[in-house]
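Residue numbers for the sequence shown follow numbering that gives the first Met the number 0, so the first one is 0 and each next one is one higher.
Honestly, I wouldn't trust all of these hints.
Unchecked claim - Listed below are the simulated SDA-like cross-link pairs for lysine to any residue, each with C-alpha atoms no more than 20 angstroms apart in a straight line:
1) LYS122 - VAL78
2) LYS94 - ARG66
3) LYS94 - LYS122
4) LYS53 - LYS108
5) LYS57 - LYS94
6) LYS122 - PHE104
7) LYS73 - ASN105
8) LYS53 - HIS83
9) LYS70 - VAL86
10) LYS62 - GLN137
11) LYS70 - GLN137
12) LYS108 - LEU85
13) LYS108 - THR64
14) LYS57 - GLY124
15) LYS107 - ARG66
16) LYS57 - ASP125
17) LYS107 - PRO129
18) LYS70 - LYS107
19) LYS107 - HIS83
20) LYS73 - GLN137
21) LYS108 - LYS70
22) LYS122 - GLU90
Stated by the list, open to error - Listed next, with one range per pair, are the computed distances between beta-carbon atoms:
23) LYS107 - LYS70: 37 to 47 angstroms
24) LYS70 - SER111: 39 to 49 angstroms
25) GLY69 - LYS106: 30 to 40 angstroms
26) GLU90 - THR114: 22 to 32 angstroms
27) GLU55 - ASN96: 16 to 26 angstroms
28) LYS107 - SER50: 32 to 42 angstroms
29) GLN137 - GLN103: 17 to 27 angstroms
None of these hints come from the bench; they were simulated from the model.
For every residue, glycine included, the Cβ atom is placed at its ideal position computed from N, Cα and C.
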Amino acid sequence: MVSKDDKPQVEEIEKKDVTRQEDKQKEDKQKAVKQKEPKPKADMTGEFTVSDVKIEGKDGTYKVTGRVTGKLEKLYYSVEDGHHELVYGAEVPVKGNTFTLSLQFNKKKLPSNGTLILFMYTKNGDKITPVHTSALQQFGP
Numbered sequence: 000m001v002s003k004d005d006k007p008q009v010e011e012i013e014k015k016d017v018t019r020q021e022d023k024q025k026e027d028k029q030k031a032v033k034q035k036e037p038k039p040k041a042d043m044t045g046e047f048t049v050s051d052v053k054i055e056g057k058d059g060t061y062k063v064t065g066r067v068t069g070k071l072e073k074l075y076y077s078v079e080d081g082h083h084e085l086v087y088g089a090e091v092p093v094k095g096n097t098f099t100l101s102l103q104f105n106k107k108k109l110p111s112n113g114t115l116i117l118f119m120y121t122k123n124g125d126k127i128t129p130v131h132t133s134a135l136q137q138f139g140p
C-alpha cells in the first residue's frame with residue numbers, strides 16, 4: 000500500500016519512466032531517419048561519390064552542401080515537385096571536394112501539397128546518370 004508520503008516519489012518515478020519512453024521514441028525516430036538517408040552513389044565507372052549532403056532552409060530558400068569524392072568532370076542538378084521542373088540541368092559549383100548550392104524559388108511556384116526534390120547527376124552526351132536525390136521540403140498535410 001502506498002502512503003501519502005510515498006505518493007510524490009511514485010509520481011516522480013512515473014514521470015521519469017514517461018521521459019525515458021519519450022527519449023527512446025525520439026531516438027528511434029532519429030535512427031529511422033538516418034536509415035532512410037540515401038547512401039553515396041558512384042557514377043557508372045565507380046570513380047566518384049556524392050556524400051554528406053546537408054539541406055538547410057524552407058519555404059523556397061535552401062542551402063545544400065556536400066562532398067564529392069574521386070574524379071569528377073561536371074555535376075548537374077535539377078529541382079522538381081513531381082509535376083513541374085523548377086530548375087533543369089544547372090551545373091553544381093564544385094570547389095575542391097565540396098559544393099554549396101544556394102537555391103531560391105518564388106513561393107508561388109512551390110507546391111501546396113507535395114515534395115520539392117533535388118536530383119544530382121552526371122551527363123555523358125545524352126546519357127544521364129543519377130548520383131544523388133534528396134527531398135528539399137515536404138509541403139501540405
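- Message: Check whether the Cα positions of LYS94 and LYS122 lie no farther apart than 20 angstroms.
- Response: 19 angstroms, holds
- Under the criterion that the straight-line Cα-Cα distance not exceed 20 angstroms, is the pair LYS70, LYS107 satisfied? 39 angstroms, violated
- Query: Does 22 to 32 angstroms hold as the CB distance between GLU90 and THR114, or does it fail?
  - Reply: Once the Cβ atoms are compared, 24 angstroms apart, the range 22 to 32 angstroms for THR114 and GLU90 holds.
- Query: Are LYS122 and GLU90 close enough, with their CA atoms no more than 20 angstroms apart?
  - Reply: Since the Cα atoms of LYS122 and GLU90 sit roughly 11 angstroms apart, the hinted pair holds (cutoff 20 angstroms).
- Sort out whether GLN137 lies within 20 angstroms of LYS62, counting only the CA atoms. With Cα atoms ~16 angstroms apart, LYS62 and GLN137 stay inside 20 angstroms; holds.
- Is it true that the CA of LYS73 sits at most 20 angstroms from the CA of GLN137? The given pair, whose Cα atoms are some 28 angstroms apart, is violated under the 20 angstroms limit.
- Message: Holds or violated: LYS107 and HIS83, Cα atoms, limit 20 angstroms.
- Response: 13 angstroms, holds
- Task: Could you check the hint for me, namely that LYS70 and SER111 are 39 to 49 angstroms apart, CB to CB?
- Result: Cβ of LYS70 to Cβ of SER111: about 42 angstroms, so the range 39 to 49 angstroms holds.
- Message: Can you confirm whether the C-alpha distance between LYS107 and ARG66 stays at or below 20 angstroms?
- Response: Between LYS107 and ARG66 the Cα gap is close to 31 angstroms, so the pair fails against 20 angstroms, i.e. violated.
- If you draw a straight line from the CA of LYS108 to the CA of LYS70, is it 20 angstroms or shorter? It is violated: about 35 angstroms lies between the C-alpha atoms, which goes past 20 angstroms.
- Message: LYS53 and LYS108 were given as a pair; does the straight-line alpha-carbon distance stay at or below 20 angstroms?
- Response: Violated. LYS53 to LYS108 sits at ~23 angstroms, over the 20 angstroms cutoff.
- Would the pair LYS57 and ASP125 pass a check requiring their Cα atoms to be no farther apart than 20 angstroms? It is violated: about 33 angstroms lies between the C-alpha atoms, which goes past 20 angstroms.
Hint compliance for this structure: hints 4, 5, 6, 7, 8, 9, 11, 13, 14, 15, 16, 17, 18, 20, 21 are broken, all remaining hints hold.
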